[in-house]
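> Let the hints inform the model, and build the full structure from the sequences given.
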Amino acid sequence: MQTESETTQAASEYLTFMLANETYGIDILKVQEIRGYDTVTHIANAPEFIKGVINLRGVIVPIVDMRIKFKVGEPTYHEFTVVIIMNVLDRVIGMVVDGVSDVVALMPEQIRPAPEMGAALDTNYITGLGTQNDQMLILVDIEKLMSSEEMQLIDHSR
Amino acid sequence: MKDHDQGALDIDMGQFNQVFFEECGEHLAEMEQILMSLAGEPDDEQLNAIFRAAHSIKGGAGMFGFHDMSIVTHVLETLLDKLRTHEMPFSSSMIDLFLEAGDVIAMQLSGYRDGAEVRQEAVDLIRAKLEQVIEGGEAPPVAPVAVPREMTAAESGAAADIPADHRFELLFTPDPDLFQRGVRLENLMAELEELGSLSVQAQVSDPGNLSTFDPTLCLTTWRFILETTAGEAEIREIFEFVADEGQLQVRELPFDDRAASPDAVEPQPGPLDPLKEDKPPAPPAAVIPTAALSTGRRMADTNETAPSAFGRRAGETEASIRVGVTKVDQLINQVGELVITQLMLAQTAAALDPVLYENLHRSLLQLEHNTRDLQQSVMSIRLVPISIVFSRFPRMVRELATKLGKQVELKTIGETTELDKGLIEKITDPLTHLVRNCMDHALETPEVRVAAGKKPVGTIILRAAQIGGRIVITVIDDGAGLNREKILNKALEHGIPASDSMTDEEVWPLIFAPGFSTAEAVTDISGRGVGMDVVLSNVQSMNGRVTISSEPGKGTQITISLPLTLAILDGLSVAVGDDKFIIPLNSIVESLQPTMGSLKTVNGKKLVQVRGDYIPIIPLFELFHLQAQVAEAEKGVLVLIDVEGEKAALLVDALLDEHQVVIKSIETNYRKVEGTAGATILGDGRVALILDVASLLQMHKKNM
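Just so you know, the sequences run in chain order A and B. Take the first sequence: its letters are residues 1 to 158, numbered as in our numbering. Take the second sequence: its letters are residues 1 to 704, numbered as in our numbering.
Hint data in this document are derived by calculation from the structure and do not stem from the laboratory. Using N, Cα and C, we set each Cβ at its ideal position, and we do this for glycine too. There's no promise every hint is true.
Quick look at which bits of chain A chain B covers, simulated, 3 or more residues with Cβ under 8 Å [as the list claims (entries may be wrong)]:
{"#": "1", "region": "24 to 34"}
{"#": "2", "region": "133 to 143"}
In silico lysine to any residue, SDA-like type, Cα no more than 20 Å apart, as pairs [to be verified]:
{"#": "3", "chain 1": "B", "residue 1": "K635", "chain 2": "B", "residue 2": "E590"}
{"#": "4", "chain 1": "A", "residue 1": "K144", "chain 2": "B", "residue 2": "E667"}
{"#": "5", "chain 1": "B", "residue 1": "K672", "chain 2": "A", "residue 2": "N45"}
{"#": "6", "chain 1": "B", "residue 1": "K672", "chain 2": "A", "residue 2": "H42"}
{"#": "7", "chain 1": "B", "residue 1": "K672", "chain 2": "A", "residue 2": "D90"}
{"#": "8", "chain 1": "A", "residue 1": "K144", "chain 2": "B", "residue 2": "R392"}
{"#": "9", "chain 1": "B", "residue 1": "K672", "chain 2": "A", "residue 2": "F49"}
{"#": "10", "chain 1": "B", "residue 1": "K672", "chain 2": "A", "residue 2": "G52"}
{"#": "11", "chain 1": "B", "residue 1": "K490", "chain 2": "B", "residue 2": "S501"}
{"#": "12", "chain 1": "B", "residue 1": "K490", "chain 2": "B", "residue 2": "P514"}
{"#": "13", "chain 1": "B", "residue 1": "K672", "chain 2": "A", "residue 2": "A46"}
Below, the structure written as structure tokens:
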């Protein structure tokens, strides 16, 4: 993997994470950090999948639980629960997933368009399917997803 | 601005331009401040300071390609340079000219910065005026000149342009140790000049032996020729503390009307004094222009503590660094984090044996002190003295007073009081409005004042002070006071609920209602009925309060109380179930544990009776859909809140603590949360939402 990314410039790197036994990948450049799940402060009258906000070094960051949002996996919170802190649309947003697995580099030819299918995520947000060591990655346009109306993270009325 | 930038350079140039705009604004403000502080003749340092400001603006304008700005500043600079080097004497009409030039530059500046309209004819006019002065013409009359500074001259009965009717020759032979006693002749001359036009001759009475000559001795006989309307007694009064019996001879000369008229001067442009048109033709070599005298004043300058001199020197030595606000905010955030980390450490360490871990505890205590100090220092970076706001008022008052035909004296107290830069920006407009209101409505014309047995000169006092954790700014006038009847009538006219039985304290706030104005005539200064409500809403947006006290015939006092910074709020933390909320202290009236008897129900909605009033209860857990420990009002605590006169009682589980919290925006990374005004980070590192009581009330009404 290491050698592949070094030899080719066209490769893009993805952070892969698990959600209901499926592996997803998001652009590594959007990821700020990965941290454990901390106690959140609930936000009044927010949808269930928005767990609340945390204090990330003085910045108030909302936390979304993708497992609740897409009704997959068990929304349990323990010491191994991870939150991916992302920088999307000039905002900092945290996303709870089942687990973070790896960073992979994919060449354009390793990425295939996604057919219509019943993934947990709407096909609209899927940019393609990647293959790496016989494993399939669902590549997600995280910016598009997080800014979508259904995530209710951004005030669309303004 | 864009015209001057090119393509890819846009962003970079924009940044530099911004710096220039900021600096230019500061230089202009400094110039104006010095000009306004001039009581008479400016000293060298003041002239130098004005020159430097003009020079810096010119340099910057040239460098950034704002050529029309550099043209005006160049002419201004040339004139200032002549004054500075005493090629040309100073005249008081120049102050107005300089102020006007400053305005024109400011106009050009805002033209570049904000795309505001630039009136080219004004630019050309001021340039022509300045050039005319440089070429030795008269200072042309500019904006009407009057009060408050000129008042002294007017009171003493002889402003320079009132035709004089006496001509005195004064011969003053002082003691040789005059300078050593700290007497400054230029002050004396300035006082004489206020009486009329003055020319001075120095006659060395006893040259003595040059080898033993002591330059600190005054061996001169001064001959003053004064044309004035004042009498001999007034002149002698000026010399009262300087001249001993017999040292001053006063002789009235035959008054030559022709010699004193400006026309007589015109044909002989004396190289030394082409500006003072009202001076008599003088023997060129012997006359010392009063401006030139100040060069030699160091000899006896013992009065180093004069406020202006002190201020200038302090300003020069105090170096500063220009830093972006975001950097400062980042620093404040990081220190806030440090404080929380320190608290967490302290909590962890508290469980350890104090004897076994004595060193650790001692170090942690030290850490606590250090973090507190650090936090305070960092917070103080954002603080700026309120003199930045106050300094704009002398000029405004001066101009308004002229316009309104009123005599007004402005006093400022506590200019060094510091507050947050964000607050400074927001408080400027409300204060300006209050001062305008004072000038327009509160203060009477001199005739009315005299008829009421008051001094003809009205007084406005601006006072700032830090009281506890708040900054209190007071605007005091000694005008007519608020008219209770008028306010009540006006309120009823506008459909604002009011009655005769209201106390004064209840009547005064009515003037803050939108559309309210009791001014009989709408002027261009104030009275359109927009204003006081804006004052109130501006102040409230800063978590501030406004109170009024007024006494008919004596005056009015309006007090604005603000938190120290925009970023910090005094709050009460309350618990609802597992959650903590912060209620801003300034909206809380009281908190109480209701008795069964005081709780009533109307249509299933709960009310609480407090001293006769029925107040609706808003259960927070219901509004926010939370699991509360107490659902019954009688088991919980009610926090009484007041939103612009409307009261409500918030039902919470328990009151926790009172603290100052740092306000953080939720909207930075999330959307607006109804019912909240932001969030804060508590001592344990957790986030708590700050309640916005006004929007809570709205939510409650919607749910009903």
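> All hints, please: hold or fail.
Going through the hints against the structure:
1. 24 to 34: violated (count 0)
2. 133 to 143: violated (count 0)
3. K635(B) with E590(B): holds (17 Å)
4. K144(A) with E667(B): The given pair, whose Cα atoms are some 19 Å apart, holds under the 20 Å limit.
5. K672(B) with N45(A): holds (11 Å)
6. K672(B) with H42(A): The hint holds at about 14 Å.
7. K672(B) with D90(A): holds (16 Å)
8. K144(A) with R392(B): violated (50 Å)
9. K672(B) with F49(A): holds (17 Å)
10. K672(B) with G52(A): holds (13 Å)
11. K490(B) with S501(B): holds (16 Å)
12. K490(B) with P514(B): Given pair K490(B), P514(B) holds - Cα atoms ~12 Å apart, limit 20 Å.
13. K672(B) with A46(A): holds (11 Å)
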